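Using the sequences plus the hints, can you model the full thing?
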Amino acid sequence: MKILFLSRVPFEAFYLKNYVDNENSFILTDERFFNEYTLNEFDNTICFDNYPENKNVLKKAINIIEEHKIDSIYSLEESDIERAALLRRIYGMKGQNIESALLYRDKYFMKKVLESIVSLPHFEAVDNKINFLNFLKIHDFPVVLKPRKGWSSNKTYKISSLEDVEEIQNFSNCIVEKWVTNATMYTVDGIQENGLLKWFAIHEYDQNILESLSNGSGGYSMMTSEKMQDKEYVRKVKEYTEKIIKKLNNGESFTSSFHLEFFENDKGEFIFCEIASRVGGGKTIELIKLAYGVDLAQILYDLTIEKPVNFHALNNVPKKYAACVKKYKTNKMQTLKNSWIISAKETLRTNNSKPVNTNDTEGVYVIESENFEDCKEKVRYF
Numbered sequence: 001m002k003i004l005f006l007s008r009v010p011f012e013a014f015y016l017k018n019y020v021d022n023e024n025s026f027i028l029t030d031e032r033f034f035n036e037y038t039l040n041e042f043d044n045t046i047c048f049d050n051y052p053e054n055k056n057v058l059k060k061a062i063n064i065i066e067e068h069k070i071d072s073i074y075s076l077e078e079s080d081i082e083r084a085a086l087l088r089r090i091y092g093m094k095g096q097n098i099e100s101a102l103l104y105r106d107k108y109f110m111k112k113v114l115e116s117i118v119s120l121p122h123f124e125a126v127d128n129k130i131n132f133l134n135f136l137k138i139h140d141f142p143v144v145l146k147p148r149k150g151w152s153s154n155k156t157y158k159i160s161s162l163e164d165v166e167e168i169q170n171f172s173n174c175i176v177e178k179w180v181t182n183a184t185m186y187t188v189d190g191i192q193e194n195g196l197l198k199w200f201a202i203h204e205y206d207q208n209i210l211e212s213l214s215n216g217s218g219g220y221s222m223m224t225s226e227k228m229q230d231k232e233y234v235r236k237v238k239e240y241t242e243k244i245i246k247k248l249n250n251g252e253s254f255t256s257s258f259h260l261e262f263f264e265n266d267k268g269e270f271i272f273c274e275i276a277s278r279v280g281g282g283k284t285i286e287l288i289k290l291a292y293g294v295d296l297a298q299i300l301y302d303l304t305i306e307k308p309v310n311f312h313a314l315n316n317v318p319k320k321y322a323a324c325v326k327k328y329k330t331n332k333m334q335t336l337k338n339s340w341i342i343s344a345k346e347t348l349r350t351n352n353s354k355p356v357n358t359n360d361t362e363g364v365y366v367i368e369s370e371n372f373e374d375c376k377e378k379v380r381y382f
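What the sequence shown shows, in my numbering, is residues 1 to 382, in sequence order.
It is worth saying that the hints were derived from the structure and are not from the lab.
As the structure is a computational prediction, the values presented were derived from the model and not from experiment.
Some hints could be false.
What the hints assert, rightly or not - Below are the DSS-like pairs computed for lysine-lysine, each with C-alpha atoms no more than 27 Å apart in a straight line:
(1) K289 with K155
(2) K236 with K267
(3) K178 with K198
(4) K246 with K236
(5) K59 with K17
Said to hold, decoys possible - Each pair of labels, with its calculated beta carbon distance range:
(6) D266 with K238: 15 to 25 Å
(7) K307 with E370: 51 to 61 Å
(8) D230 with E167: 36 to 46 Å
(9) I168 with N215: 14 to 24 Å
Note that the Cβ used here is the ideal one computed from N, Cα and C, for glycine as well.
Here it is in structure tokens:
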């Protein structure tokens, strides 16, 4: 099967690299990562400057599809979801279509569609500073401002005062919403096959990751949630997730990974944050493999080439616990002396500059443990 991969990410984050057939794989990527792909024998790689915005990406994709008779299109990252959906529409390929892709991408449309079935913070679309200030006339600080079609925490801000407002340079095509207080953030990462939820895992953050940029904590962590041991809680999350993807699928049945984020407040109520039809970041695939023994990348590739997957055989209760620890500021590689540290990557920030988003870290560490409490204790080591 010939597959076109739309991949804004570096080769390290190309999580299907160990499974794909290089000869029948065609990759469009950012020019910064071209050498990484070609040095790893992905010879059918073409690069572009300003990849997310470059209209030539779509033109080249069309050319490759027609010249090489591409069978399937796979988007590895959120910025390519709509591109991939549009190409599928043009060529009648299986997969997520453009209407559903828009609902999973545009946070305003997403929340307007979901507001009748889930609890979520007050929100509005804004295009300028006046729109934003009008929202503040009704809703007090703090609030969150984010791009409608952003990804990760890029250009996402917690705004707590008028002084913070003055630092914002762009309000165009954004969404503003109330800050959620006294709540823990959870993620649900899983797979839907033909529109049906087949498998998922819950992770939890040790703090609100956006707040970690400003509260002096130095970083944050995401780890396997002990909630996966609670059958009633898992059932509740499953039903919650199913109604969300059913609504956003808009009557369509397709196969994809998904990454859902929600808060649980001190009353046990779920408050929707956002969802994407992609794999979660933050070493999610690695954490799932460590905790459950489930190779999510292999499963996603098998589904792409239409190879049957026995989801009933997959573990849905963690055998171990794993965490990804991200530090905005770190020391030298002294941490590697511990056997429970599976991987460590440290990149010192130049000129002692401040982090600009929650992925702008100097240290990223993956750890594992036999139980939840011990895993939390190991996270504190950093």
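For each hint, the structure was consulted:
1. K289 with K155: Given that 27 Å is the threshold and the Cα spacing comes to 31 Å, the pair is violated.
2. K236 with K267: holds (15 Å)
3. K178 with K198: Between K178 and K198 the Cα gap is close to 33 Å, so the pair fails against 27 Å, i.e. violated.
4. K246 with K236: Holds, at about 16 Å.
5. K59 with K17: holds (24 Å)
6. D266 with K238: 15 to 25 Å: holds (23 Å)
7. K307 with E370: 51 to 61 Å: violated (33 Å)
8. D230 with E167: 36 to 46 Å: holds (42 Å)
9. I168 with N215: 14 to 24 Å: holds (19 Å)
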